[in-house]
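A.B. asks: In order, the protein sequence lines correspond to chains P and Y.
Quick note on the working numbering: the first sequence kicks off at 1 and runs consecutively.
Quick note on the working numbering: the second sequence kicks off at 1001 and runs consecutively.
Since the hints were made in silico from the structure, they are not lab data.
Take the hints with a grain of salt, since some may be wrong.
Just a few of them, taken from the derived set where beta-carbon distance is under 7 Å, the chain Y residues facing chain P [what the hints assert, rightly or not]: (1) Gln1237; (2) Ala1353; (3) Asn1402; (4) Tyr1407; (5) Asn1411; (6) Ile1658; (7) Gly1661.
Where a beta carbon is used, it is the ideal one built from N, C-alpha and C, also for glycine.
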Amino acid sequence: MEDPSRLTREFLEELGTKKTVGEIEELRVKYLGKKGTVTEKLKSLARLAPDERREAGRLLNDFKALAERELALKKEDARRRELASKLASEAIDVSLPGIFRRPGRLHPVTLVMSEIIRIFTGMGFTVEEGPEVELDHYNFEALNIPKEHPARDMQDTFYISSDIVLRTHTSPVQVRVLEKKKPPLRFIAPGKVYRCDADVSHTPMFHQIEGMMVGENVTFANLKAVLEAFLHKVFSPQVPVRFRPSYFPFTEPSAEVDIGCIFCGGAGCGICKGTGWIEILGSGMVNPRVFELAGLDPRNISGFAFGMGMERIAMLKYGIDDLRLFFENDIRFLGQF
Amino acid sequence: MRASFSWLNEFVDTGLGIEETAKLLTMAGLEIEGVEEEEGVLDVLTRPKDTLFEVNVTPNRADCLSILGIARELSALTGAPLKMPPYKVKDEGGPEINVEISDPELCRRYAGRVIKNVKIGPSPEWMKKKLEDYGIRSINNIVDITNYVLIELGHPLHAFDLNTLKGKQIIVDMAENRGKKITTLDGVERKDLPGDTLLICDAERPVAIAGVMGGADTEVKEDTRDIFLESAWFKPQGIRKTAKRLGLGSESSYRFERGADIEMVSIALDRASYLMREIAGGKPSGAVDNYPRPFRPHIISVNTVKIRKLLGAEPSNDEIFGILKRLGLNPEMDGDMIVAIPPSYRLDIDSEADIVEEVARIYGYGKIPSTLPCTEMSAGGLSEKQKFVYQAKNAFALAGYNEAINYSFMNINTLDTLGLQMEDPRRLAVKVLNPLREEDAFLRTTLIPSLLENLRYNFTRGIKDIRLFEIARVFVPIPPVRRVLIEGQPGQLPFEPLRLGGCFFREKSYLFWKEPEEDFYRAKGALEEFFDAVKIPDRDYRQGTEPFLHPGKSADIFIGGRRAGYIGALTPTLKEAFEIKAKEDAIIFELDLDLVFESLPGTPVFRQIPKFPAIERDIAVIVGEHIKAGDVLAEIRNYPSPYIEDASIFDLYKGDKIEKGKKSLAFNIRYRSTEKTLTEDEIEEVHRGLVKHLLSATGGILRA
């Protein structure tokens, strides 16, 4: 029997020349396969004396264990290298753009409007709607603005006929709801409104949200608290809010609501015209005449109402400096929000 | 209303600085919108440095359209006494003119005075300054004095050249009784005044439009010697109507239509007479004062408990009483009851609510606490329809569409450009009587004209990816038939159905990952995503019928058998009309959102997850090119076998490998039973039947 250490040397030499998983497998078959060198040699052991056979058998088994170990290591190594080169060959340019559909954006007016709706519905307000083409009766008369009243000058009106107008504010929804539903009530009414006016700071159509709360004990102090809570949510909890007397024919007392200028922090700047305050909404206690005109007895109920322009709030919130941008529908504008 | 700080100080000395004064007035409802420091002046003696307030006087506060009025307010706010300027006038002789009022409701008081021997000339500098501060140009001392008193006391006056008045007679009457012709001070000859225009006439003709503007014939000129000075009170509604109708707003009409102070009539007359004597050397004669409807004050009683309850604040009875007293409302208090009698200049106060407002604003809104209401709980929230609209908006945004908002107006001529038939209902639109521009004279009956403008706007600005949608109401007039039925009931409002419109344009050469598909399918995909998001199960796309869409690349959309809208590529003509110079298609679509909403299914009902496996089979058929894939798919889905779970199209082929005029459609069909595992044989049997049915239904052959 030949020298087993020679066998080991030959095997290791041969193994050293093999590179691929396939070559290594071939080598395994050559040495350890069914018809391989080890099998052959084990068969030839039969011719030896029992002592020699035992010794030779042991040596062969040692060789077999060594070969198996070496083959497995080498094979694993080759497999790793082959995978790495395969992966390397499959490489793509990861800097190319992803296949992605850019989502569109909602209009800033919609965004502001839905945020405000969320705040008020959170306080239990419902959301009511009314027609955009409205009767003069609901737009003016029932809101205590008779014909030939100077307050009509506050709102330039588009007329469809002598008694039909494009609503100039969302306030007519107040009356429609008061006629239809029983107090206690609290609702907001968002929507489009129209004024016969077009210049740098006016567009013939814009959006408002009207709000109303009516019940047995609704107070001016409630009006203040609800609107403060609202403004603190929309702007910031720190923003100062002030109420100052004003005039709307359908509320009394009426209040204009200002917030501390969010651009200069109240120090005075171009946007707040140096006053430190920005007018944000109109409000007041419902004028008892409005209750009467809606067929309710003002002795038993009270309420507050408020109204605000969406574009104005959007301009403040997003720093938009030109009202007309809202209706040009320029993708470069719409895509920003 | 502009008021100078120094002039206010002549009436009331509050001791407050400029900023404090501005803040005090603003927080009491007289908003100071602007504070203007007067420019440096050369002559310090005659024109001391001054500050101008721009006061925003709300329409209810006619009493504050004067220096006196604002000073009165300051006096009430601070308690500083109000000082009146001198107005007692020495007059001689009786009135030399007779005044007749035809309708005392329209003119409740008419006073006047003849002033002789005035010397017309320039006004003194101090007067010129005050007029200029307000924004009125100095003309001559007489005209200036009438304007000065208007600003000072808030009451409009008018001076006639006495010698141009015929018959020493003033008659206040309607145009229909006295003639409809007058040339007004602005030089305009008005030939056909409405019959109900209130005029000031002499014995022969109209000499002024009451409360609005004087006549040119009787104007005070350089050579005028004697004048007749008018101070009157006219009914606000009448003045407003006349001023509006004639387009003739003036400082006078502005005050009369808001309600002048009827008790100020004689004081203003005297004050002006006094100044004319002092400044123009005139000799006033006795005044005429025809006052057929004397002022009768309102008497208002209020309960202070109620005031506190409504405000949610605790001003004491004494505080409330003090506020009303300082405002000149002559209160009398008995326990919790207060009776107030507003003066003649507070025409705006005639009810309990008005008193509450006065108390609140002087008490100070800032002192009223903020108290969140305690109230019944209620569900609140959006209605299902409102939620649906937001769902739609989000679906289109996710599909890559930006939300547009357009004006509700449309140019009616665009409907011609769209090629709508004459009888197309969208041509029946609501018309605006006073549009800003003729192009905006009608309310939209479809969103398409606006979206086409949006497409043009963006495309011509070099934007290569334009995907927009809009959700808005359109306006459908009550059809004429119904208009007849409701005759005698004016005020029928149009319907306002809710629409969703959209447009799609994308220049492909600028896309990195190429998309070979027809753009139509991209846009249709967005609609499908929306329908899927809101769970509209069955929508059917049939051959399009809109005249402005490519007949071969457009579809009418049906939901539950009803036409819910359309989608398609613009015709080349339309593309050109809207300046879309590109080879790619521009796709537009419009949906009836009310109909979609009505078609929404109810809450989904859970179905068991299948317990048995599905088996899939593919089938490719070669059919005529005109055959619609959707129809073939419908045949598969409607095939009467309980085992067909679903089917989808996965390939469309046209080309060399098959006969010309034909196309190959390949479908994947999924079979499954809810009760057992299907055997190959069972599937094979159904599938063979389906294939046979499909071939006969489509006239097609199996693709090898």
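A.B. asks: Take the shortest C-beta to C-beta distance between Y/Asn1402 and chain P; is it under 7 Å?
C.D. replies: Holds. Min distance 4 Å.
A.B. asks: Go through the hint on Y/Ala1353 and say holds or violated, using the shortest Cβ distance to chain P against 7 Å.
C.D. replies: holds (4 Å)
A.B. asks: Taking 7 Å as the limit, does the beta-carbon of Y/Gln1237 come near enough to a beta-carbon in chain P?
C.D. replies: holds (4 Å)
A.B. asks: Hold the hint about Y/Gly1661 up to the distance rule: shortest CB distance to chain P must be less than 7 Å.
C.D. replies: Not OK, violated: Y/Gly1661 not within 7 Å of chain P, min 35 Å.
A.B. asks: Take the shortest C-beta to C-beta distance between Y/Ile1658 and chain P; is it under 7 Å?
C.D. replies: violated (31 Å)
A.B. asks: Quick check on the hint: Y/Asn1411 CB to chain P CB, less than 7 Å?
C.D. replies: violated (14 Å)
A.B. asks: Double-check Y/Tyr1407 for me: the hint is only fine if its C-beta lies closer than 7 Å to a C-beta in chain P.
C.D. replies: holds (5 Å)
When held up to the earlier numbered hints, the structure conflicts with 5, 6 and 7 and fits the remainder.
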